[in-house]
Structures are given as structure tokens and as C-alpha cells.
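**Student:** When you get a sec, could you build the whole thing from the sequences and use the hints?
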Amino acid sequence: MSIASVLVPYRGGASSDAALGLALALCRRHGARLTGLLAHGRSDASRHFPAWLSQSARKTLIEAIATRGQEIAARFARRVEACEDIACEWIEAEGDPNRLAGGLARYFDITVLGVEEHEPLQELALDGGMLALASGRPLIVVPPSDGMPSRHDLGRPALVAWDGGRAAARALRDALPLLRDSARADVLTIVTGRNVAPANESVSAVGYLARHGIEARQHDREAGRAPVATQILHAAEEFGAGYVVMGAFQHPKLAEELLGGVTERILRETRLPVLMSH
Numbered sequence: 001m002s003i004a005s006v007l008v009p010y011r012g013g014a015s016s017d018a019a020l021g022l023a024l025a026l027c028r029r030h031g032a033r034l035t036g037l038l039a040h041g042r043s044d045a046s047r048h049f050p051a052w053l054s055q056s057a058r059k060t061l062i063e064a065i066a067t068r069g070q071e072i073a074a075r076f077a078r079r080v081e082a083c084e085d086i087a088c089e090w091i092e093a094e095g096d097p098n099r100l101a102g103g104l105a106r107y108f109d110i111t112v113l114g115v116e117e118h119e120p121l122q123e124l125a126l127d128g129g130m131l132a133l134a135s136g137r138p139l140i141v142v143p144p145s146d147g148m149p150s151r152h153d154l155g156r157p158a159l160v161a162w163d164g165g166r167a168a169a170r171a172l173r174d175a176l177p178l179l180r181d182s183a184r185a186d187v188l189t190i191v192t193g194r195n196v197a198p199a200n201e202s203v204s205a206v207g208y209l210a211r212h213g214i215e216a217r218q219h220d221r222e223a224g225r226a227p228v229a230t231q232i233l234h235a236a237e238e239f240g241a242g243y244v245v246m247g248a249f250q251h252p253k254l255a256e257e258l259l260g261g262v263t264e265r266i267l268r269e270t271r272l273p274v275l276m277s278h
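Counting in full-length UniProt numbering, the sequence shown runs from 1 upward without gaps.
Read the hints as simulated data drawn from the structure, not as lab findings.
For every residue, glycine included, the Cβ atom is placed at its ideal position computed from N, Cα and C.
Warning: the hint list may mix true and false statements.
To be verified - Restraint-style ranges between C-beta atoms, simulated for each label pair:
no.	residue 1	residue 2	range
1	237	60	40 to 50 Å
2	184	67	16 to 26 Å
3	210	70	49 to 59 Å
4	130	212	23 to 33 Å
5	64	191	43 to 53 Å
**Tutor:** Put into C-alpha cells, the structure is as follows:
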């Protein structure tokens, strides 16, 4: 797999700016084309206004969405203006943001999304978990960089969260172009009764990476009282990882939400970019 096209659902906030900066660096490294997307629900909003809402109030809300959209598009243009070495385009579409972004992401090699920030207009809100499920493509979720873009660096070694499951295997495969950039990775397995044990050292995540020229170390940690998500994020800091690679929603999304699953918790708590696939 190579990276020739990158999609950035852009909403103009701090996490969107961090995601755009990371996506631009990714495009520059791989010679990829960047597409910015503003997906907003103006059409849906106008159909679902409460019956008691006055016409003037409805008009004000629709105008607010349009004005916000213009501001976001202008901000995106300013951010990419200096990147003359990268082919960029901008798409704006109306409809349910998660459904639109999830559908469009299928036509790109990878999507880069800023984690959900405070968005006063819900017609612009996006959910990283839903996008990972809907797109069928790898998704990089990026937290705000707090004004320090260098903090998010996909050129540094990754922490691969590995449980031997289908989603983890897909994420490992999807991450290969990024993992090759640093040629090193740490593989973390939280040992539980459900892990799929490798037959031997060559038939393992570490062996798979080695065959692709990536040096990796295996780390096994016993499942403790701390949530698995917390253990993964702590290990990423311990190993100095630049980002995390993991399968999204190894269990059904509803079950994860009810039980406080790994994916949802990492999306809430991560301070590093997370590449996830489902």
C-alpha cells in the first residue's frame, strides 16, 4: 500500500489545525494529494427545526451555519497557501457530517481527523469512532497540539497495540507506509485469556514487520486493574512513541460504549495521534 491521497475533514478548530498540519507533512513525505472537506448538516437542520421555531430564528440559524462554513473554508485556504509543493483541493457538502465523511473517505488512502472539539454548531460535529466504522479505510485521529506542531510526528517510531484480532491485523497492514518511515516500532500486547498467541516468533506481529524491513520489539504486559486503554497510552509515553496503531472496535460499538471500551476511551484520552482501522 502507498499513500497517494489524504482526506482531512476540517472544522477550523485547534484539533483540525493539528490534523491539517500532520496531513500536510504526510503528503509532503509521500507525494500525496490533500483534500479538505467541510461536511455540514444544513439541509438536515432545516428539515428538523421544531415546529414552534419562528421563521426569523430558522433563517438566523441557517445563516450562522453558512457564515461559519465560509470562515472555515477561508481558514483552510490560508493554512495551505504556503504549501505550493502539495496539490490541495477543498470540498464542501451538505448532509449528515458523519455519513458524508465516512462515504467520501472510501475514495482516499487515509483520513486524518482532529479529535472532537467544542463545536457550538452540531451540524458540523464529527465522531471519530463512527468515521472509523463507516469508512472502511485507515483513520488517523489527532488531538490538539497546544501550539506545538512538532509534538505530533509520524516519523517517530509507533506503538502497535496488538491482540491478534482481525481489527488489529488490518490496522497493522494499513500502517505499513507510516511504519516504514521510521523503520522501528514497539508492539504491545496486554495479556488476557482472549489473546491469539503466535505459533512461533516468525509468525507474529514482530515477524510480519521484520519481513517488511521494520525492526520491532515485542512487549507483553499482564492485564491489571488499569483499563487497557490507559495501559496502551502509558506504554506509548514510556517508549517515546510518536503515534499509536490499533484496531478500532474489536468488539461491537454498542458493547464498547456500554462497557467503556478501549476505542472510545483512547479517543477521549489520547495525547498522541492514533491510526485505527476496523
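**Student:** With reference to the structure, classify each hint as holding or not holding.
**Tutor:** Hint check results:
no. : hint                     : result
1   : 237 with 60: 40 to 50 Å  : holds (46 Å)
2   : 184 with 67: 16 to 26 Å  : violated (47 Å)
3   : 210 with 70: 49 to 59 Å  : holds (50 Å)
4   : 130 with 212: 23 to 33 Å : holds (31 Å)
5   : 64 with 191: 43 to 53 Å  : holds (51 Å)
When the structure is compared with the earlier hints, a violation turns up for hint 2 alone.
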